Amino acid sequence: MKKTYKIILSLVITGAVFTSCHDDLNVDPTIDPDSFTEENVFATAEDAKGALAKLYASLALTGQAGPAGQPDITGIDEGTSQYSRMLFNLNELTTDNAVVGWGDPGLPNLHEMNWDASNDFSAAMYYRLAQEVSFCNSFIENAAQLTENTEVATYIGEARFLRAFAYFNLIDFYGDVPLVTAVSTDLPVQNTRTEIFQFVEAELLEIQDLLKESQANEYGRVDRVAAWALLSKLYLNAEVWTGEQLYTEAITYANKVIQSSYSINTTDANQSGSAYDELFLADNNSNGAQNEFIFALNFDGNQSRTYGGTTFLIHAAIGGSMDPAVYGVNGGWGGTRTTSALVSKFDSSVSDRDADGYPVAWNDGRAMFHTDGQTYEINTIANTFTDGYAVSKFKNVDSQGNAGSDTGGEFTDTDLPLIRLAEIYLTYAEAVLRGGAGGDVNTAAGLINQLRTRAYGNSSGNISVSDLTLGFILDERARELYWEGQRRTDLIRYGYFTGASYLWPFKGGVKNGTSVDSYRVLFPLPSNILSINSNLTQNTGY
Amino acid sequence: MKLIQTIKLLAFLIPLGAFSQQVVTGTVTDAGTGTPIPGVNVVIKGTTQGTSTDFDGNFQMEAENGTVLQFSYIGFTTQEVAVSGTTMNVSLQEDTEQLEEVVVIGYGAVSQKDVTGAVDQVTAEDFNKGPIVSAQQLIQGKVAGVSISSGGGAPGEGQNIIIRGQGSLSLSSNPLYVVDGIPLADGNIGGSRNPLNFINPNDIESMTVLKDASATAIYGARAANGVIMITTKKGKGREFKFNYAATTTVYDPTDFVEVMNADQFRSIIQNSGDDAAISRLGNSDTNWQDEIYRQAIGFDHNFSTTGNIKGFMPVRASLGYTDQSGILKGDNFTRTTGSINLRPMLFDGHLKIELNGRGSYTENAFGNRDAIGAAVDFDPTQSIYDPNSPFANYFTWLNAQGAQNSLAPTNPVALVDLKDDTAEVRHLIANAKVDYQLHFFPDLTATVNVGIDKSDSNGRTILPIEMPSSQNDWNGSLATYSNKSTNKLFDAYLTYTKDINEVHSINAVAGYSYQSFEFDNDSYDSEAEEDGNDFIFIDRWESVLLSYFGRLNYSFDDRYLFTATLRADASSKLNPDDRWGYFPSFAFAWNINNEQFLENSQVISNLKIRLGYGEIGNVSGLGDYLYLTRYTQSQSNANYQLGSGFYQTYRPEAYNENLRWEVGNTLNAGIDFGLFNNRISGSVNAYIKKTEDLISLVTVDPFTNFSNAIDKNIGDMENKGIEFEINATPVQTEDFTWNVGYNISFNDNELTNLPDEVEVGGINGGTGNSIQLHKEGYAPYSFWVYKQVYDDQNRPIEGAVVDRNGDNQINNADRYLYKDPFADIIMGFNTSVNYKNWDLSVATRANLGNYAYNNMASSKTYGLRSRENSILTNLHTDYFNTGFNTLTEVNLQSDYYVQDASFFKVDNITLGYTLRDFIDDDLSVRLYGSVQNVLTITDYDGLDPEIYGGIDNNFYPRPRSFVFGVNLDF
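Protein chains in written order, with my numbering: chain A, 1 to 542; chain B, 1001 to 1970.
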């Protein structure tokens, strides 16, 4: 009997031990020093700033390890998933501004304009922007508990700006997408482009006073001028996106921007003869260019590393006889060049030609092409860097000619403007010519001449009011803004992106260019998203 | 002196006399051989009084006349003898029933006749021969339905095992390894090549493969991909015996990737008309692959002893040392293993204790595998050394600053010579298992098994300043890491065994199991000490698995066998509501040969029909904490600048609150047969496995989560197949024995339900290209390719692929699914012949219907690529077949590169000679020679058709090896 008791007793004890083991199933992720919970991240305003930094960083970097290793987006090479690199791919590579010789999946389809609904880049851009919306929604909800701190109220305003910026991109690329403003795992329904347009407009109008005064915020964080600038861009495209002409509103908000404390950089810090190239140097956060940057992505060769951003823009454009050291990097990736269609936009300023009559030097300082060893026209895009002029616009050297902070020469310091004042000048001029009220052509010509004076280093390139046509402005936008992620949107506004009214080399995959179906003004919704969400309807044509 | 001894003896005898008992002495011998048996338990029946025989089989104890003594010893029939007189000499008969093969089935063992599931046991004598470093290789080709292939030809290389086809998408497809009752953690720690490297293959007694769910169900949630139970050798016998085995192996590289030689390459460049490229040609003729591979040597020494201490403690101990070099220069693997096994038995066998300790210390020097691709790419007209090179005279493609051109391959010889990549791995696995057969209720045995499986590694990679680099400030680099993994096990279970009237036999097991897995990986990375870019990463995670299990085996008259199993598992990887899974299984078997009508059959010695069904859950390989919302802080090189400061960012992680168990339902029907007294034996199995709630990394709408992909229970998959195996001894005479074994299995996998298509199978060429797709209605990992168009000479036309949807555009919509990397048919054939003292064995294998994507050809064959980026890059000879010029997505993803990789391989031929009773009758010596990887017959154009996963890219060639071995038993 005694033994039986002992057995029962030991069974009871063992049972108790087993039951207590059940608690072991609730494992704690924070045993990892990089892992945190919501309570940690939103404990104080200072902690929440790390979460705010992610909202900016998700446009500049690709994940939590630099340059790669813990990606935000999967299913695509991490470096190529960076926002501004995809912006280049979708908005420049699809146009007369750029070609690339690499065989990356879906990449050749972009310039050939025959991408499909599973194209890696149009899909990854959708993922990146939708993810940014979710990051912002989560931040806005969680930071709400800290709003007694006025700094956090500004954070929330910035998060709402970034969400509006993501939606601005989404309706530009995809048209009708879901409008999601709160964290939820429920499958969303599709909203119209107009509904989202109105959301972006309302948000920007509402947050303008939440955001700090012009240039009162830290470098890299947006203020209310960014909201106005984005509004002016939104209104400029309203006719394409909603069918409603809002050029007067575009002028109104362009004016607010023009009258703010932001200023065109006119400091030729490196004595190159033009104050334009300073905008794309490693010290563009301090050489004067920063006063022109309304919204820019910040990069750093040591602390903010990515294979996208300006690291991509600079490395990818170097090849052939180009000396990487001139660009402050350790080598070229031999990929991106431009077509003769862009080069020819500078024809009126050619100052020198080679033996075959091709231009090799220009008075317009914005014509930053490397021509040595490169052909003017392209015969083969793939694996042939020397076909087509190379673009030397972006550099990782500062105004003194010193290379950036990564002594290895791999990652660049050069920041990348997404919205800069010069663009708003051009927006103003275009809105005036398109019939908006509240502006005038003389002011427009004056603004454009500011840009041209900077570009030429003198007034020799200045225009008169009679030169100012819509066609001139489109070309001027190409000259001023090429490779900055604007071209496709501009061509669509002019009706040139598809169809045959404007052809460029290899448009539609044909050497001399061919007509392209009009449905390609929109990218497809990712086929993978459509297969999991039956609420969504694919864009026409795909 | 003598007086003192006499007094002692008297003093000893006095108390005996006082209790009026007599001293009985005697010797216990083996009835078969007449040799004395030490360690025999001698007990007075009905009491706990007793003793055991000494080293010479003698015993001495007090016992009254007429009492009955029980003599028991493992492997012998227990004898009962009544005491009469003071001398008792007893001889024990070997118990033939106990010698019948016992099959390990998890939380117990059953005799072969009682097995109800699809179980294959391979014992040491049937293992593959030769210089085997990785335990998995012991049974390669031996078991139907089990595909084993090495990841490459490196020493100690990891092995890929797939039992009955690919079972999962996101989760691990590895079987569960159970070593002496300890289920190992899934996966491998950094610095180790193979999770089983800690086991010396010479220590393995048997490997049992549990294939169907009714057999694996007792391991529940970890057994979805089958179980391989490894039983190590135990102490046995009565005398200490020793074994020493040694091999010396020479590894020979057999084949290289086919690239242009210097003359071929030179003429292509010269004909290109590209003056800049022509000016870059060198004057040498270098076969770069020849320069990075070598003939390598390996040594292996094993010493083991087995015996019995003091008659009650069987013991086995072993020491092993392996030193193997790889054919890639700089590759080396050395391993020291030690093991000890003790099995004391106390209280008349009521308390059995088993103690296992097994440790290994491995030193890896990893050859630089970057050289494999670089040697294919590197310009054959350049010489290895260039006196003008700033990088220790290794020829380097330089840029204008004198650093390496950032797009150039690095000199392969510099890569193998200069990189120092080493790691040490310590692995300890120990367990204590106690079986207590209750004194007051002997039908019940309580078992507790406590184990620990602990490994840690330290590794470092050093690139010296001499290594060619494109970094302007190159100063060498150092990266170090240390990984720790701790897996703790606690099992407790009760076993109830009862025979009723010799007709009903019951064996029931019920228990509890707790396992925790902890990982702690730290790494340090410095590009150079002084530039401040040094990083420390710490990665820690843990998981817990908790289970209750029960199994009932019931046998009626040894004819009808029933098994029912239920296991409840809870995993910390799942949310509390979906955490518990309940997995039942049932099996039935009919021993037809025990029916009256076959009882006296001279032909059929064994015939059994089996039918089993079971459900098994799976979460192994699933990430931890996926159901929780959590934030990851950025590392110091992914910070973001706001104002003048850089901020570490917090990213909310994608989560799935609804993750559930992936559940596989398997139905298995089988027949086991034995003919002519089992001279011919074999089995047939047919199975169908439906995996439901298949977990896959699939697209999630990033508007609804924090990423674009999460692991989700999304699909269904079906694996079905038939397996057949037969073993026969066609000839068996005193001098001559011939054994033959053959197995064949057919397997088919299909994704029966998958709403989302998942691209997998990343390849070399371009950035981010992939070649495989998971799609409903197809096998997983099917190749997703363009259909190549050929000219009338049957040459592929560059860029010309079929516009399958006819929209005049070539894009992803024109890709189609073409073949998959899994063999439809796998065969193994092996045979052995023993003639007098000679033995000869041959092991062969064949895979049919497996396809491979030749990524070496597809990525390195483009004319323009050869002179791109201000350097020269060698071409694959497939350029002569295609003439392709540009590396484009369409060329890269052409079905031209998906090739039939069916093969027949002669894995091993071994010839041995045994000298029995050499010098004296206690020594026997076996000498043998063996050739491994003898022959491959295939139509596949690449280096080796046996490519796990089907993407042939920078494969480490499997060498041919020549082995000489000696085996001493004394």
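In short, the hints are calculated from the structure, not lab data. No experiment lies behind these values; they were computed from the predicted model shown. Worth double-checking, as some hints may not be accurate.
No more than 20 Å apart at the CA atoms, straight line, and that leaves these computed lysine to aspartate or glutamate pairs for DMTMM-like [stated by the list, open to error]:
#1 Lys1787/B to Asp116/A
#2 Lys1720/B to Glu1798/B
#3 Lys1488/B to Asp24/A
#4 Lys1484/B to Asp116/A
#5 Lys1329/B to Asp1275/B
#6 Lys1488/B to Asp23/A
#7 Lys1484/B to Glu1542/B
#8 Lys1488/B to Asp28/A
#9 Lys1775/B to Asp116/A
#10 Lys1484/B to Asp34/A
#11 Lys511/A to Glu1798/B
#12 Lys1419/B to Asp1473/B
Exercise for review: Verify the proposed pairing of Lys1484/B with Asp116/A, using a straight-line Cα cut of 20 Å.
Suggested key: violated, 46 Å
Exercise for review: Would you check the hint for Lys1484/B and Glu1542/B, treating anything up to 20 Å between C-alpha atoms as holding?
Suggested key: Holds - the C-alpha atoms of Glu1542/B and Lys1484/B are around 12 Å apart, at most 20 Å.
Exercise for review: Could you grab the alpha-carbon distance between Lys1775/B and Asp116/A and see if it respects the 20 Å cut-off?
Suggested key: Distance of about 18 Å is within 20 Å: holds.
Review point. Does Asp28/A lie within 20 Å of Lys1488/B when you go C-alpha to C-alpha?
Key: holds, 18 Å
Review point. Under the criterion that the straight-line Cα-Cα distance not exceed 20 Å, is the pair Lys1419/B, Asp1473/B satisfied?
Key: holds, 18 Å
Review point. Given the hint that Lys1488/B pairs with Asp24/A, does the C-alpha gap stay at or below 20 Å?
Key: Between Lys1488/B and Asp24/A the Cα gap is close to 13 Å, so the pair holds against 20 Å.
Practice item. For the pair we were handed, Lys1720/B and Glu1798/B, check the Cα-Cα distance against 20 Å. Key: violated, 40 Å
Point to revise | Pair hint Lys1488/B and Asp23/A, alpha-carbon separation not exceeding 20 Å | key: holds, 16 Å
Exercise for review: Take the C-alpha atoms of Lys511/A and Glu1798/B, compute the straight-line distance between them, and say whether it is at most 20 Å.
Suggested key: Judged against 20 Å, a Cα distance of about 17 Å means the pair holds.
Point to revise | Holds or violated: Lys1484/B to Asp34/A, with C-alpha atoms at most 20 Å apart | key: Holds: Lys1484/B and Asp34/A sit about 18 Å apart, inside 20 Å.
Review point. Does the alpha-carbon distance linking Lys1787/B and Asp116/A stay inside the 20 Å limit?
Key: The given pair, whose Cα atoms are some 17 Å apart, holds under the 20 Å limit.
Point to revise | Proposed proximity, Asp1275/B with Lys1329/B (alpha carbon, max 20 Å) | key: violated, 36 Å
Hint check: violations occur at hints 2, 4, 5; the rest are consistent with the structure.
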